[in-house]
Amino acid sequence: MTKRRKIVFFILIVLTVLGVALIVISASGTKLDGIAGFLGSPVRRLQKAVTGIGDDIGKNTSVKRDYKGVLEEIERLTAENERLKQLEREYGALSEENEELRRLLGMEERAEGYDIRRASVITKDLTDWYNEFTIDLGSADGVVNGTVVVTSYGLVGLVCGTGKHDSKVRCIIDERSSLMCRIERNSELLRVTGTSNENFTAGIVADRIAKNAAVYVGDRIVTADSGGVYPPGIVVGTVVSVGVDAEGNRYAELSSDVRFTALTSVTVLIPKAPAESEQ
Amino acid sequence: MKGWRPAIIKAALTAVCVVVLGLIQAGFFDRLKVLNCKPELVLCFVIVLSTRLEGLRAGLTGFFAGLYLDIVYGRYIGVYAVLYLVFCAVTSVAAFRASEKHKWVGAAVLPPVFLLYEIAESLLVRIIAVYVAGGGPLYHYGYGRHFAVRILPGAAYNLAAGLAMFLVLLLVRRIMRPRPGIRYRKERNVVIDHA
Numbered sequence: 079m080t081k082r083r084k085i086v087f088f089i090l091i092v093l094t095v096l097g098v099a100l101i102v103i104s105a106s107g108t109k110l111d112g113i114a115g116f117l118g119s120p121v122r123r124l125q126k127a128v129t130g131i132g133d134d135i136g137k138n139t140s141v142k143r144d145y146k147g148v149l150e151e152i153e154r155l156t157a158e159n160e161r162l163k164q165l166e167r168e169y170g171a172l173s174e175e176n177e178e179l180r181r182l183l184g185m186e187e188r189a190e191g192y193d194i195r196r197a198s199v200i201t202k203d204l205t206d207w208y209n210e211f212t213i214d215l216g217s218a219d220g221v222v223n224g225t226v227v228v229t230s231y232g233l234v235g236l237v238c239g240t241g242k243h244d245s246k247v248r249c250i251i252d253e254r255s256s257l258m259c260r261i262e263r264n265s266e267l268l269r270v271t272g273t274s275n276e277n278f279t280a281g282i283v284a285d286r287i288a289k290n291a292a293v294y295v296g297d298r299i300v301t302a303d304s305g306g307v308y309p310p311g312i313v314v315g316t317v318v319s320v321g322v323d324a325e326g327n328r329y330a331e332l333s334s335d336v337r338f339t340a341l342t343s344v345t346v347l348i349p350k351a352p353a354e355s356e357q
Numbered sequence: 323m324k325g326w327r328p329a330i331i332k333a334a335l336t337a338v339c340v341v342v343l344g345l346i347q348a349g350f351f352d353r354l355k356v357l358n359c360k361p362e363l364v365l366c367f368v369i370v371l372s373t374r375l376e377g378l379r380a381g382l383t384g385f386f387a388g389l390y391l392d393i394v395y396g397r398y399i400g401v402y403a404v405l406y407l408v409f410c411a412v413t414s415v416a417a418f419r420a421s422e423k424h425k426w427v428g429a430a431v432l433p434p435v436f437l438l439y440e441i442a443e444s445l446l447v448r449i450i451a452v453y454v455a456g457g458g459p460l461y462h463y464g465y466g467r468h469f470a471v472r473i474l475p476g477a478a479y480n481l482a483a484g485l486a487m488f489l490v491l492l493l494v495r496r497i498m499r500p501r502p503g504i505r506y507r508k509e510r511n512v513v514i515d516h517a
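Chains as they are written, first to last, in my numbering: chain Y, 79 to 357; chain B, 323 to 517.
For the record, the hints were derived by calculation from the structure and aren't laboratory data. Don't take every hint at face value.
Unchecked claim - Below, a list of computed lysine-lysine pairs in the BS3-like style, where the Cα atoms sit at most 30 Å apart:
no., chain 1, residue 1, chain 2, residue 2
1, Y, Lys126, Y, Lys350
2, Y, Lys84, B, Lys355
3, Y, Lys350, Y, Lys242
4, Y, Lys81, B, Lys332
Claimed, not checked - Which chain Y residues stay away from chain B? Per the calculated CB distances, all over 12 Å, these:
no., residue
5, Ala157
6, Leu172
7, Val320
To be verified - Quick list of simulated restraints, FRET-style, between CB atoms:
no., chain 1, residue 1, chain 2, residue 2, range
8, B, Ile441, Y, Val222, 37 to 43 Å
9, B, Val490, Y, Leu165, 49 to 55 Å
10, Y, Val307, B, Gly464, 33 to 39 Å
11, Y, Ser265, B, Ile441, 30 to 36 Å
12, Y, Phe87, B, Trp326, 19 to 25 Å
13, Y, Ser119, B, His462, 33 to 39 Å
Computed from a predicted model, the values in this text were never measured in an experiment. Glycine included, every Cβ here is placed at the ideal spot set by N, Cα and C.
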């Protein structure tokens, strides 16, 4: 081995060891997130603009597809039928919007002591290994680690890292997510965790169900007030199946109405300052 | 000092490409998933580039590209820095010298590199997940299923994107190849300057 090759080999080994050390430090939960948040912030701002363009293109292509569909309808139906269909579509959109506003209103009542802010999703996980995404609100807007993120359909997750103008949100379907919840029907406590995403099969599972607690398919699971992290009563999901694991403990698989892979905007519940919240 | 300038320009161009490809991947490729997979454009770029780079340069390119992804998009800092470093260096060792004689050797190296990368990435990510969770199975649903559902489609998509980039790289090199006439004029200028 020549001297130059030895030097190259040495540098590569040093960099690999440095990388492994960074992984260990980062996985141990040491405060590397803050540094990464600070360094990555300018690029994330740029990413916001690029994602906006991507969203616009997505919307435009879907509008073009709809338009093509409408043209086919015109060929098949009379003008009168078409007008009625249009009215029906408008009615559907309005009632959907109405329903969403009602849900948000209900949430506002439950989330007393929180500032409700809308946020856009800037970027999602680049490699699909982690169920995390970045939103365009940061510490400058009052977002802190542990801030709750929801949509009108239910709980999305928690903020797990903040930059000045952006924050990283970990979804409840993530393997590392764990929260205490209640069965809405009988207020029994259980633990809800995310499942492994190794085969693109992210889901939510409830375990630690008390032996005498009745859990049925169709039961709604809502956040519990234990720990004070989540406002109580936010919908987490609905039980779709109940089973028993190898150790004889019961578990329930949940389904959420939130479409985690298609989120473009979310609602952030920013805790109010104590004096402000008393007023 | 004059000798450093092209290297700095190349490094800057590479950095710009990495940033732009990262932006494109995060901004557009969520909508272009096939079998739930999307290509890792930055990975494809640095691997394809490594077929034409000498070992240290390839390793450094991979390391800094990966570190950038870790900082801006990743969860654990260092994961992609290490993976990209290792795979760029390996690609360079496998293809750099041979591709000087046969330009298609670089393309032949890509399939095993992308497949091995997907296997290594999956293993590393799962090991970290188990480490962070304090135990548990490495693959909940069995490795066979994981290989079929995640590793193979991911490698295939990356290979498609990588081959496309390889063709672009060949085209760029063909366009940028210095012409004999220009070289002659430059040499003549040097002689005149010295005189």
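Can you tell me whether the CB distance of B:Ile441 to Y:Val222 sits inside 37 to 43 Å? holds, 39 Å
Note whether the CB distance of Y:Val307 and B:Gly464 lies within 33 to 39 Å or breaks it. holds, 34 Å
Taking 19 to 25 Å as the stated bounds, is the beta-carbon spacing between Y:Phe87 and B:Trp326 within them? For Y:Phe87 and B:Trp326 the Cβ distance comes to about 24 Å; the hint holds.
For the pair B:Val490 and Y:Leu165, does the Cβ-Cβ distance stay inside 49 to 55 Å? holds, 51 Å
12 Å Cβ clearance of Y:Leu172 from chain B: holds, 27 Å
Could you check the hint for me, namely that Y:Ser119 and B:His462 are 33 to 39 Å apart, CB to CB? About 35 Å separates the Cβ atoms of Y:Ser119 and B:His462, which means 33 to 39 Å holds.
Cβ-Cβ distance between Y:Ser265 and B:Ile441: within 30 to 36 Å? violated, 47 Å
Hint consistency between Y:Lys126 and Y:Lys350 [alpha-carbon to alpha-carbon, up to 30 Å]: With a Cα-Cα distance of about 27 Å, the restraint between Y:Lys126 and Y:Lys350 holds, given a limit of 30 Å.
Would you mind confirming whether the straight-line C-alpha gap from Y:Lys81 to B:Lys332 stays at or under 30 Å? Holds, because 26 Å separates the two Cα atoms, which is no more than 30 Å.
Do the alpha carbons of Y:Lys84 and B:Lys355 lie within 30 Å of each other, as the hint requires? violated, 43 Å
Y:Val320 remote from chain B - nearest C-beta pair above 12 Å: holds, 19 Å
Test the statement that Y:Ala157 is away from the interface with chain B: the closest C-beta pair must be farther apart than 12 Å. holds, 35 Å
The structure fails hints 2 and 11 (numbered hints given earlier, in ascending order).
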